[in-house]
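Engineer: Sequence:
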Amino acid sequence: MLVIVLENAPPRLRGRLAIWLLEIRAGVYVGNYSAKVRDHIWEHVKAGLSEGNAVMAWRTNNEAGFDFETLGTNRRIPVEIDGAKLVSFLPEGDASALTPQPS
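The sequence shown begins at 8 in the working numbering and counts up by one.
Where hints are given, some of them may not hold.
As the list claims (entries may be wrong) - Result set (DMTMM-like, lysine to aspartate or glutamate): computed pairs, CA atoms no more than 20 Å apart in a straight line: (1) Lys53 x Asp74; (2) Lys43 x Glu76; (3) Lys53 x Glu14; (4) Lys53 x Glu70; (5) Lys43 x Glu58; (6) Lys53 x Glu76; (7) Lys53 x Glu30; (8) Lys43 x Asp74; (9) Lys92 x Glu70.
If you are wondering where the hints come from, they were derived from the structure by calculation, not from laboratory data.
Start from the sequences and build out the full structure, keeping to the hints where you can.
Structural biologist: What follows is the structure in C-alpha cells.
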C-alpha cells in the first residue's frame with residue numbers, strides 16, 4: 008500500500024500522480040506498487056512540487072508496519088527516537104524557519 012498526500016501542489020503534478028494512483032480526496036493518492044515504482048513516483052513528486060509539501064507512506068516490514076518520507080516545509084517533521092520514526096509537531100511560526108529537507 009502506498010499513500011501520498013500533497014499540499015499546495017501544482018495541478019500538473021496532481022495530474023501526473025493521477026496517472027499512477029487513485030486520488031481519493033483532493034491531494035490524497037493511494038495505490039499498490041513495488042519499491043522501484045514507488046521511488047520513481049517520488050522522484051516525480053520531488054521534481055514537480057515547487058513550493059508545496061508532500062508526505063509519502065508505505066507498508067514495510069518494521070515494528071510500525073510502515074515507513075514514510077516528507078518533502079517541503081511543514082509543521083510536522085519526522086524524528087527518529089530509539090529506532091522508531093515519529094512525528095514532531097512544531098509550534099506555529101516555527102515552520103517558516105525550517106529549510107525543506109526530505110526525510
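Engineer: Please go over all the hints and tell whether each is borne out by the structure.
Structural biologist: Hints, verified against the model:
1. Lys53 x Asp74: With a Cα-Cα distance of about 18 Å, the restraint between Lys53 and Asp74 holds, given a limit of 20 Å.
2. Lys43 x Glu76: Holds, at roughly 15 Å.
3. Lys53 x Glu14: 13 Å, holds
4. Lys53 x Glu70: Violated. Lys53 to Glu70 sits at ~27 Å, over the 20 Å cutoff.
5. Lys43 x Glu58: 26 Å, violated
6. Lys53 x Glu76: 11 Å, holds
7. Lys53 x Glu30: Roughly 18 Å separates the two Cα atoms, so the pair holds.
8. Lys43 x Asp74: 15 Å, holds
9. Lys92 x Glu70: 10 Å, holds
The earlier numbered hints that this structure contradicts are 4 and 5.
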